[in-house]
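**Student:** Below, each chain spelled out in residue letters.
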Amino acid sequence: DTEVTQTPKHLVMGMTNKKSLKCEQHMGHRAMYWYKQKAKKPPELMFVYSYEKLSINESVPSRFSPECPNSSLLNLHLHALQPEDSALYLCASSQEGSDSPLHFGNGTRLTVT
Amino acid sequence: GEDVEQSLFLSVREGDSSVINCTYTDSSSTYLYWYKQEPGAGLQLLTYIFSNMDMKQDQRLTVLLNKKDKHLSLRIADTQTGDSAIYFCAPHGGRDDKIIFGKGTRLHILP
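These protein sequence lines map, in sequence, to chains A and B.
So the first sequence is numbered by this note's numbering: it starts at 412 and just counts up by one.
So the second sequence is numbered by this note's numbering: it starts at 11 and just counts up by one.
It should be emphasised that the hints constitute simulated quantities derived from the structure, not laboratory data.
Incorrect hints may appear among the rest.
Chain B is faced by these chain A residues, among others (derived, beta-carbon under 7 Å) [stated by the list, open to error]:
#1 P453
#2 Y460
#3 L484
#4 P494
#5 A498
#6 L501
#7 S509
#8 D510
#9 G516
#10 N517
#11 G518
Computed footprint of chain A on chain B; a stretch qualifies when at least three of its residues, placed anywhere within it, have a C-beta under 8 Å from a C-beta of chain A [what the hints assert, rightly or not]:
#12 44-58
#13 91-103
#14 108-114
For every residue, glycine included, the Cβ atom is placed at its ideal position computed from N, Cα and C.
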């Protein structure tokens with residue numbers, strides 16, 4: 412069992428829909444991450460939150476909007492997505508500092524129709 | 011930015027040793043991690059080595075680091091069917107705080 416919980420496990424949405432992905436951890440970690448993973452590819456970094464503040468945005472299109480309501484929760488709001496945004500979206504957390512190991516959730520499999 | 015290279019595939023007979031290699035470019039990385047991804051799951055931390063070490067052993071896993079050549083390897087002894095997965099190399103703690111993954115090596119176990 413993973414200590415990082417992501418919901419939903421699967422999501423199918425149309426290009427005009429608005430949906431949100433959720434991530435939760437209770438390990439007291441101060442950094443949280445969103446990664447996007449396409450089939451047969453490595454995870455690609457999207458966003459990093461450190462102490463609830465956005466510290467890294469890897470030039471992600473504005474149709475993806477992250478939010479960190481508190482130190483345990485991380486959301487990714489989705490709006491007007493394209494079919495090429497279909498992927499596995501992985502949330503991860505770590506103790507402060509980029510030299511700490513990442514703890515991943517099992518991801519949300521997103522399909523955009 | 012950091013560039014991390016791995017070979018994409020490795021086939022090994024059950025019971026043999028597997029060796030997965032990785033090269034990276036950011037010599038300021040402080041920790042070098044190996045993650046394992048099984049089908050339909052997220053990545054799980056497998057093992058790591060601190061940059062001032064050249065070898066670390068953890069049960070069936072041995073990590074070797076050649077810091078001069080920026081080369082990292084993961085050896086899995088007595089490879090089992092449960093080791094079938096994708097293995098990602100990820101240097102951490104480098105210059106720009108971004109954790110970049112190698113392309114991943116898909117380990118296939120032959121009976």
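**Student:** Tell me the numbers of any earlier hints that the structure contravenes, in ascending order.
**Tutor:** 2, 3, 4, 5
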